[in-house]
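J.: Please model the complete structure; the sequences and the hints are all you need to start from.
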Amino acid sequence: MQQRAETGKDCLPFTTSATDRTEQTVGKPRTVDREKAITGDRIFKWMTTGFAFSILIILGLMLFQMAGESWPALKQFGWQFVTGRDWDAVQGHFGALPYLYGSVVSSVLALLLATPLSIGAAIFITEIAPKRLGSLIAPLVELLAAIPSVIYGLWGVLVMAPWLQSTVEPFLIERFGFLPFFQGAPYGVSMLAAVFILMIMVVPIITSITREVLLAVPQSQKEAAIALGATRWETIMMAVLPYGRSGIMGAAILGLGRAVGETMAVTMVIGNAPQISASLLSPAYTMPSVIANEFAEAVSKLHTAALMEIGLMLLVVTLIINALARLLIWGVTKDSSGGAA
Amino acid sequence: MNNKVQLDQVNIHFGKTHAVKNVSILFPENSVTAIIGPSGCGKSTLLRSINRMHDLFPSARVEGRILVDGSDIYDKGVDPVSIRRRVGMVFQKPNPFPAMSIYDNVIAGYKLNGRMVKSEADDIVETSLKRVALWEEVKDRLKTNAMNLSGGQQQRLCIARTIAVKPEVILMDEPASALDPISTLKIEELIEELKERYTIIIVTHNMQQAARVSDYTAFLYMGELVECGETKKIFTTPEQKQTEDYITGRFG
Amino acid sequence: MMRSVAWRNTKNHLMTALMLAATAAVLFPLLLIFVHIVKMGIDSLSVDFFTQIPKPTGEQGGGMANGMLGSLIMIGAASLVGLPIGIFGAIYLTEYGGSRMSAAIRFAADVLSGTPSIITGLVAYSLLVVPMKGFSAMAGAAALGMIMVPIVLRTTEEQLKMVPGTLREASLALGVPLWRTSLKVTLRSATSGVLTGILLAIARVAGETAPLLFTALGNQFWGKSLFAPMAAIPLQIFTFAISPYEDWHRLAWAGALVLVVVMFTLSLTARYFGRQKYRI
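Residue numbers (the numbering used here), protein chains in the order written: chain A, -4 to 336; chain B, 692 to 943; chain C, 24 to 303.
If you're looking for bench data, these hints aren't it; they were derived computationally from the structure. Beta carbons are placed, not taken as given, at the ideal position from N, Cα and C, and that holds for glycine. What you were told as hints is all true, and nothing was included just to trick you.
When the alpha-carbon atoms are kept at most 20 Å apart in a straight line, the in silico EDC-like pairs for lysine to aspartate or glutamate are as follows: (1) K156(C) x E292(A); (2) K207(C) x D36(A); (3) K34(C) x E122(A); (4) K802(B) x E192(C); (5) K184(C) x D746(B); (6) K34(C) x E229(A); (7) K877(B) x E827(B); (8) K40(A) x E192(C); (9) K834(B) x E817(B); (10) K767(B) x D746(B).
Which chain A residues stay away from chain C? Per the calculated CB distances, all over 10 Å, these: (11) K70; (12) V103; (13) L167; (14) F171; (15) I271.
T.: See below:
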């Protein structure tokens, strides 16, 4: 198709060059510069790589340390650790079932209450509210999400729990006392209090992530629905939610991870009684709470190891939950931003 | 005649894409060579290989030899940084450093490397700005922000910034494509003057511009060098059919 | 099946109202808590709060001066470790990223930031408290630092990615080495964004309690050194809140208000910086 010779020097019909060299800049020695720069870049790459990898090291160290520290308990109890209900530091019996139960029930119930509310709020902020109102609520929610959990706990134990005890729980006992969930005396500090406080705490998280996911829905998707004559609600159902489905699921799962790991607020309102009771009104206990309460005072090696093992379970569970959530959220937000990159 | 830059069977790959295919060209010293071709033909890719800008992309692979003053810039032990000091580059869109003053922009190449004597800096700024014919326009506001300049002035500032580090070769990647006609004309006049001191290689998709500013022209199509030679000849009696089609506007 | 337009519009309005109600339900408790903290906190704040350490049980008055100092010291120490790792890690991801390894690092950071903070406390305990045979502010700072790293890393990376590539190229084409370009052009251009990340990370750890429970432990008096137990505001709020004494509850509210004000200030400042465009 064109001339191209083996020498690779065929294309040089530049035979004349009238110009003579006016300035003798050719081949100036710059060796000093060169050596320094090469080492500089090499050190820089080394250093940043080291720092970046320390993230992986931290993660690995966490797993390694936790596994190592809980080894005595793992060895001694095996699966009984998960199925046993007996937690007695004096006798050296450690069964973590009540804590597992408390964690699962409180987190799942909180999530069931929080998710629909959060999705509703996120839809309102992104799709329904006037732009200005939406851009006021969104940062407000994020700001409130930044309130430390110990402050939620403070409010929970000093304000909410007494209110539950004097108002809500008597009402539930009177009206719904025939259900196993609402039996017993009103304590205030209870599983119910934990569920409420967790709900309040995870709502901002799920709301703001769902909002991000919804914002990532391409305008063209919505326009397609609108052009078909869909109402706003139908547009949301047809175009917005299906597109963001996996991302919203990721947001909810992330909320679950937060609820499972939430320590201070729950510890302050759940009553800290290692029992398994169907009633939401009775005190309960969760995995992070027992660590928070007992770890600093654990004397025996086995007690420490048992608490570490609870921590290890917590770590593994939250790692799985978070990994899952991130994959789901990345899937949605990546697709939409990918075009810009 | 002295060939300042020499490409010898250069192949450039991006991952699986073969962007530049077996290109060999000589660039004579103190001349302007234009690389033309339809967009996506690999002309920018080729240009950026001459000061090793591809080193920044792990997926890019450059094969063949690229010689500056007879030595291969891709040889082991050659520092890309020192190559870039000798082979400067001007980009498509003017990219002065925002929030740096005009003055600081001109000596940015030294400033970022962290050593500069004040009097020397003053000299360099004045000479460089004079060389790009910007001195008269900005000498009273050297300390003001460079972003306040017009697009054409910004581009001339960027050229000043490039020549301030005393390069031997200047690569220009469509330097006027983001500018208005008057600014474009100024840049073109500037190129004409600059070739007295530097070897200039300019990529452009504007054929009139190539015809106006360059001594030599190379036509690239689909990553391959179709034809190159003296600009006059390329634009009047091209040897290849494809070249003729392109310069007469029949494709691309 | 075609439903009538009237029904569809009614349904539209119905659902709109429902979404509005959900938003109200989300905001109401949050605002309630916020208002309560402000009210109780203002009632309880006094000069003593900022100058005194807690009085022994039963005595009136006292403050949280030791906790404030302790929080500052531990956050400072945590930043010394956490910020460089986060920032340089982010530079690695932007300059050399793109490989499978950087995807792993991003993923690890995201996963790590969702790990319960009490776990970092346990890890710091086993790494520092056990070998050093005692609770210490240093262990507390290490736990906080571990929490800061992923936050700073991810926000900084986001910011660095937003710096136009043309600036980097301009610098590199001038023969400025990559490392100088990274620090003097890319990182400097993103300064305000990076600052945002730092402030957010500080805001986050300022309120952390769980990781300090068995590392810094808390202290009723002034902390003596980094190698001794040290008080922190969140720890004090916890201890005082679950105590049965009215006077301590008041201190807890005051502490909560101070903490909230500090965090909101940090967040709002972060937002302000976050909105600025890149600069050099």
